[in-house]
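Asker: These are the residues of each chain, in order.
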Amino acid sequence: MKMQWEGKSFIENLPRIYGVYTGGFVLFFILMAVFEKFGMSAEMIGILFLAFTLAIYAFIGILSRTMAVEAYYVAGRSVPPVFNGMATAADWMSGASFVAMAGGIFMSGYPYMAFIVGWTGGYILVATLMAPYLRKFGCYTVPDFIGTRYGGKFARLCGVLVLVVASFTYVTAQITATGTIAARAFQIPFEVGVWLGLFGILLCSMLGGMRAVTWTQVAQYIVLIVAYLIPIFWMSNKQGLGFFPQIEYGPAVARIMELETQLGVGTPPAETVAGLKALTALHATPVGGWLPAWQFVTLVFCMMVGTASLPHILMRYFTTPSVRDARQSVAWSLLFIFLLYFSAPCLATLSKLQMLDPNLPTSIIGASIDQVMSLSWIEKWGNINLLAIRDSNADGILQINEFFLNPDIIVLATPEIAGLPYVISGLVAAGGMAAAMSTADGLLLAMANALSHDLYYKIIDPKAETRKRLLTARILLLVIGAAGAGVASLKLTGILGAVAWAFCFAMSGLFFPLVLGVWWKRANRPGAIAGMLGGLGAGWWYLLAVRNPEAWYGLAQPWIGLDHLRFGVVGVTASLIFMIVVTLLTAAPDEETQRMVDEVRIPSGDTIIPSKV
Amino acid sequence: MSQAADRAEHWRRTRNLMVGHLIVWFVFSYLIHFLADALYPINFLGWPLNYYMAAQGSLIVFVVQLFLFAKQQHAIDVKFGVAEQEE
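In order, the protein sequences belong to chains A and B.
If you count the first sequence from 1, position 212 lands on 205 in the numbering used here, and the numbers rise without skipping.
Adding 10 to a residue's 1-based position in the second sequence gives its number in the numbering used here.
Take the hints with a grain of salt, since some may be wrong.
Claimed, not checked - Among chain A residues calculated to face chain B with C-beta under 10 Å, some are: (1) Ile98; (2) Phe192; (3) Ala274; (4) Ala324.
These aren't lab readings, by the way, just hints derived from the structure by calculation.
The beta-carbon is built from N, C-alpha and C at its ideal position, and this holds for glycine as well.
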């Protein structure tokens, strides 16, 4: 079967293709709801949801296979801005955004919302400082920019190094997430689920590279946003909180604040349960004082600057037809991301209100323990140790500090808490899977492309023919994927920690070499190398130092509240200083490089790196 | 005007636009969240203002900013004749 993936007719047909797809997905959802009425088991519905969506992604992936360099690396530079926006949104929103974010807000309250601000505002940096210029440059990968702008194989190699460190940290977290979801839906051990998840991920990217990943990511975005929004609308409607709760949940926040005083949220629990936490943080109240405020803004800073340095996001803007489209595409990306992020606090709020408000039939706090224990969702999540109830004061009534849970279950359990049908839970599982898979695909591709294009083709064997290069890219994809799954099955870090580290690594090594490459003509090769290695080294050292205060790294206390989630602040500062000092101590770049920078700064004209077929 | 001077002026405008957007970005990313303690007592349609800004306010500003930026930068490019040719 041969299909046209580029050209006018394909582009014009895109809205129709994805319109039919969305309709088909909704139809499938309705069909499942009907099957549930006729008594299909919850397990079966979960399996069908995952199997159906995985089959579609694999179908797109196989259909869009390619052997052309432009198509494999940059999807033929033909992706329209709106669709690239959707693909970027899916690429961006990981398992952490989908599964963990609302739960984090539920559990940690206001301080956690730094992630929401940080994971959206970074796109301002992407649009104003980077994406349009990198698109004009015409690079295939992020190290391609470093290698061409600064010249020299060593600079390129440093770029590859930072990219791999950051992306690999990130991808293990995503494979862990796919493994968790697959394991629960198919009732298989986590270690097997990890490999199953990887198999699905590779099906989407192996054959068609960036082109296949682009079109599956659009499909995955549609699944994940539908899966996130439907439960919110449904729940809100059912509880009479309005049809569009995102714009009117202010009173619900106020009600929670009122209940917090009555229920004594903040009283530390009398017991501890391993791996679980009781709700002690206030929902909307800042902790108070300058240090928490400082920690809030430094976390925002790390997530934002990290956004603008993550190669798998930047490379999405290489695929648009023009520089102008790249700029518009950043705006669309953020709009699509916004739809989920402005819903996350709403979900956390509604879900918390369901549990706390004694006027709602679903409330559990203040109810008798026997009654609560018999609820099916309490029983189900309790059985797998993600939730626990301890009657510490033995009064037979559930107090707020006697209820323990793992925050990651909030999004997955909310439909059950609110008493929605199981079909919604199946939908949410499919959404979480789509979120984790799409991000993992983008990350794996970023790494495999950098290694095959920059390390193999540009550094090791510049004479390699196209076939061989693309074959190398695919083999590398397999190897990196397997390595990621191998590390993921060891369960070394939590999902969120690994994600924050990836951002910090990326910003420590890449932010200033990329930005100054466009905005500072004087920036030269030794400066860029010093910036990349110095930044990455300083960040890494600081991470090790705050994690091991007893060891020899020479740091007993974190500096002004900069803990391990915020080590990028140290790395990026070091990177800036190294880069400026070394650049000024060495000679300015030659005429040709300066002319190149002038060319990058205007949209018209040919790309800097000539495109080849 | 010579082409070199044109280019310099184009870049100056581009840079000013970038700086302008980054100032707004700085205010909504850092400044208002650093002042969360002061915003907390203010009630905004039911939300405490600090919560609202982190949950929605800043995000809406960012989205609007990006569409505006794309439009403004394109206008600058057109004015100085360096926009891409429409196909």
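Asker: Determine for every hint whether it applies to the structure shown.
Answerer: Verification of the supplied hints:
no.	hint	result
1	Ile98	holds (8 Å)
2	Phe192	violated (36 Å)
3	Ala274	violated (13 Å)
4	Ala324	holds (4 Å)
The structure shown violates the earlier hints numbered 2 and 3.
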